[in-house]
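Order-wise, the sequence lines are chains D and H.
Anchor point for the first sequence: position 60 equals 755 in this note's numbering, and the numbering is continuous, going up by one each time.
Anchor point for the second sequence: position 85 equals 101 in this note's numbering, and the numbering is continuous, going up by one each time.
I should point out that these hints are in silico values taken from the structure, not numbers from a laboratory.
Every value quoted in this text rests on a predicted model; they were computed, and no experiment measured them.
C-beta: ideal position from N, C-alpha, C; glycine also.
Careful, some of the hints might be misleading.
[To be verified] Far from chain D by the CB rule (all over 12 Å, computed), these chain H residues: (1) Ile47; (2) Trp59; (3) Ser92; (4) Gly111; (5) Glu113; (6) Lys115; (7) Thr116; (8) Lys118; (9) Ile126; (10) Leu131; (11) Tyr136; (12) Leu137; (13) Leu138.
[As the list claims (entries may be wrong)] Here are the in silico distance ranges between beta carbons for each label pair: (14) D:Asn803 x H:Ser35: 15 to 21 Å; (15) D:Val766 x H:Gln141: 34 to 40 Å; (16) D:Val766 x H:Trp32: 32 to 38 Å; (17) D:Val766 x H:Ser35: 14 to 20 Å; (18) D:Asp729 x H:His33: 35 to 41 Å; (19) D:Asp773 x H:Ile34: 20 to 26 Å; (20) D:Leu793 x H:Asp107: 40 to 46 Å; (21) D:Asp773 x H:Ile105: 23 to 29 Å; (22) H:Leu122 x D:Val766: 33 to 39 Å; (23) D:Leu793 x H:Ser35: 36 to 42 Å; (24) D:Lys701 x H:Met106: 41 to 47 Å; (25) D:Ile733 x H:Trp32: 27 to 33 Å; (26) H:Arg31 x D:Phe746: 43 to 49 Å; (27) D:Ile794 x H:Ser79: 35 to 41 Å.
In case you want the letters, here they are:
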Amino acid sequence: MHNVTKKWLFLKASSVALIPLMIWFILGLISIFDKDYIDVVRFFSNQPSKFLVSLLLVFAYFFSALSISEVFEDYIQDKKIKNAANKALYIFAIIMPLITIIIIFNLNA
Amino acid sequence: MDNNNPLSPHIQIYRWHISSLVSISHRITGIINIVAITVVCFWIASLLLGETSYEFTKIFLNSIFGKFIILGLTWSFSFQILSEIRHLIMDLGYGFELKTTKITGLIVIIGSFVLTVLIYLLGKQII
Chain D
696 MHNVTKKWLF LKASSVALIP LMIWFILGLI SIFDKDYIDV VRFFSNQPSK FLVSLLLVFA
756 YFFSALSISE VFEDYIQDKK IKNAANKALY IFAIIMPLIT IIIIFNLNA
Chain H
17 MDNNNPLSPH IQIYRWHISS LVSISHRITG IINIVAITVV CFWIASLLLG ETSYEFTKIF
77 LNSIFGKFII LGLTWSFSFQ ILSEIRHLIM DLGYGFELKT TKITGLIVII GSFVLTVLIY
137 LLGKQII
């Protein structure tokens, strides 16, 4: 299987996973955004939110990294700049969810 | 080997259609959503600072501007969800006829506003 085919399949699989996760997340966000500190901490530190937010972060950053790299492919011709932009993108897409998931698992209500 | 593929033409050279509007909006909302999720990451990190530090965030989120941002994000996520479903249906080989692309494009645009209201009311447990 070609790399671009694998990339496309990963992109589609992650988008399928993201649809229910985004619906759940936005419903959760609306229910807590104006609440007190303790309610917000409770939301992020209790199950199933803890697990679902972690899953959302992993899929969202994975999907975004793949999608944005396609935009780089469309609009950046210089190979060196494109490679540097892709590396920066992938590092960001790993570090952001990783740190946030560690924080979520250390939150105590 | 050098990649000599031509770059995509920039969007201003095309005549606007519903399909192109949905396509560019899909990319823009995708960027807005990942920026929003990054802000949520910082919001979660700020919870470690404790209740006193959270007061400013709470005041902001309870302001008119804060509520407008949340409503805007709800629309952005709603648009992305419907547009992604449209993409997946097209990936299965359906909906490529010109008339169908116009209809599904309109469904995404109008449906995103309907879904925004529905999600907001459900989230606030009004319905």
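### Query
So which of those numbered hints doesn't the model satisfy?
1, 2, 3, 10, 11, 12, 13, 14, 16, 19, 20, 21, 22, 24, 25 and 27
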